[in-house]
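Chains B, C and D: place on chain A using the hints.
Here are the chains, one letter per residue:
Protein chains: 4
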Amino acid sequence: MVSEFYTTRRIEFPDTDMAGIVHFSRFFVFMEAAEHEFLRSLGTSVSTEWNGNKIGWPRLAASCDYVSPARFEDVLDIRLTVVRKGGKSMTYGFEFTRDETEIARGMLRSVCCICNPGEAIRSMPIPDFIADQIQEAPEQIEEGVNGAES
Amino acid sequence: MVSEFYTTRRIEFPDTDMAGIVHFSRFFVFMEAAEHEFLRSLGTSVSTEWNGNKIGWPRLAASCDYVSPARFEDVLDIRLTVVRKGGKSMTYGFEFTRDETEIARGMLRSVCCICNPGEAIRSMPIPDFIADQIQEAPEQIEEGVNGAES
Amino acid sequence: MVSEFYTTRRIEFPDTDMAGIVHFSRFFVFMEAAEHEFLRSLGTSVSTEWNGNKIGWPRLAASCDYVSPARFEDVLDIRLTVVRKGGKSMTYGFEFTRDETEIARGMLRSVCCICNPGEAIRSMPIPDFIADQIQEAPEQIEEGVNGAES
Amino acid sequence: MVSEFYTTRRIEFPDTDMAGIVHFSRFFVFMEAAEHEFLRSLGTSVSTEWNGNKIGWPRLAASCDYVSPARFEDVLDIRLTVVRKGGKSMTYGFEFTRDETEIARGMLRSVCCICNPGEAIRSMPIPDFIADQIQEAPEQIEEGVNGAES
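Protein chains in written order, with our numbering: chain A, 52 to 201; chain B, 52 to 201; chain C, 52 to 201; chain D, 52 to 201.
Since the hints were derived computationally from the structure, they do not count as laboratory data. It is possible that some hints are incorrect.
Which copy? The list can't say, so a pair holds if one copy fits it or any two copies do.
Unchecked claim - When the alpha-carbon atoms are kept at most 25 Å apart in a straight line, the in silico SDA-like pairs for lysine to any residue are as follows:
hint, residue 1, residue 2
1, K105, G71
2, K139, G71
3, K139, T152
4, K105, I185
5, K136, F64
6, K139, N104
Only chain A is shown next, with the shape it has when bound in the complex:
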């Protein structure tokens, strides 16, 4: 039973914008790529078949708090944590750091669905071959709303 996963990502040129830093929307792409790499590490894929059905994971929610900018060619460390394993949904937390500097932290929540072509998408319990490998992390990444308002 695993509850966390580590990977890295190098910032590419089109990840940046005219402010010279990584565009905020790209962190959602980075989170997703880490989630998919996590699923591959469990021997499955975000897009798989099971009992003759096509299984997918549509998003319910996504969020990110931005702490420090990331720049071209930075190599970010990404820590994925299983925040919540529901009967049908999964919530992942993500921490982005560069060396010891916190860059961002985020969250993705997805629901397990049967996504057969030509049928309405419908939610389903997470199949055992996935659920049995994953457990919630004992220590959670805070899903805090960024407090830097003034």
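Just chains B, C and D now, with coordinates in the frame of chain A:
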């Protein structure tokens, strides 16, 4: 004093993914484009000069809840609402609908900064020529966390 | 019978990169969006049904020559020209200008295909309801390779 | 003196579109990432400083011919070849394959420039520390225009 803004966006081919629907990360691009169009409607830009300084709006936080999928060539109605006008930060809420169907709702929080090249970025009070045109919406879009877990 | 089409596009923040200009890959997205708008102007879509088959237009080739940089919030004028109407393929030329300044020119070549789910993609003659509306432009946009080498 | 470079790239979810395959515009991002990895392998970067000047490589031209579709989680082999080393410009060819299957081949042409903030961009001879490490490949990737018209 304005507190909301309406625009539309047509879904383009690369907004979609192999699931046949709009990729979740694209909603953050759509929110930003609506924010920038709102600022243009006030006679300014997200990237402007003021008192010899370059003003920018780095992101503090972004989030989105996904309700129904959007598809290629859909024209989404977008409603921007000023959720909070702080001394230095702005929080916008966004509602995406197609006809009467709710598609998604999201939030962007940004902080007003001096972003001169070669200097450290530092926050600053929102200049009057922007602040004086904007007020918080009386009725807020809920920033609710998506409750569809099970 | 039409052989050209005009539209515009405003540059958005994530179209730019840390060089402060539009990332070169974005021009291919802009060309495609103009092509799709052209097809809508003919009463059809790049993704349509015909005789019970799903019709699509996979790419054969794409190219772009870059003349002058484009920047955030620029509004580019785009001229699409029908360079070649084959039996099964279409070649479009594109000219991007801002005021009188040439920004870029490009080319997309696509082949008309039956793209039914679960079947191999196979090319087909362009259906008459499309072919009968389009003719090759008498004066062609040069598909010149950029000569600025030294 | 090197004239070619090999790398790989795994297809990510937002690289795909509703046709279920990689969007054609993404190959330009993949080519660029391979070019930048090649430059890092030479101990430099596409964004570097030299003699107190900021050096960049704006694009002159880009093209791609598409042979077979690529799909989610495919790992593509990418071969970069130095097609032409000019005094101020570089032309790279790219071949994408999956196992023995040809997926696409493309070309990028860039010009070496001084890109100091606040100054007009101007071309310059490729600095020796880069030029001295690179030579043209003896056997060239064909820059053929895709011949699949009919």
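Against the structure, the hints come out as follows:
1. K105 with G71: between (41 Å within a copy, 14 Å between copies)
2. K139 with G71: This pair counts as between: shortest inter-copy Cα distance 22 Å, intra-copy 40 Å.
3. K139 with T152: So K139 and T152 pass the 25 Å test across copies only (24 Å; inside, 35 Å).
4. K105 with I185: within (21 Å within a copy, 40 Å between copies)
5. K136 with F64: For K136 and F64, the Cα distance is within 25 Å only across copies (23 Å; inside one copy 35 Å).
6. K139 with N104: within (16 Å within a copy, 35 Å between copies)
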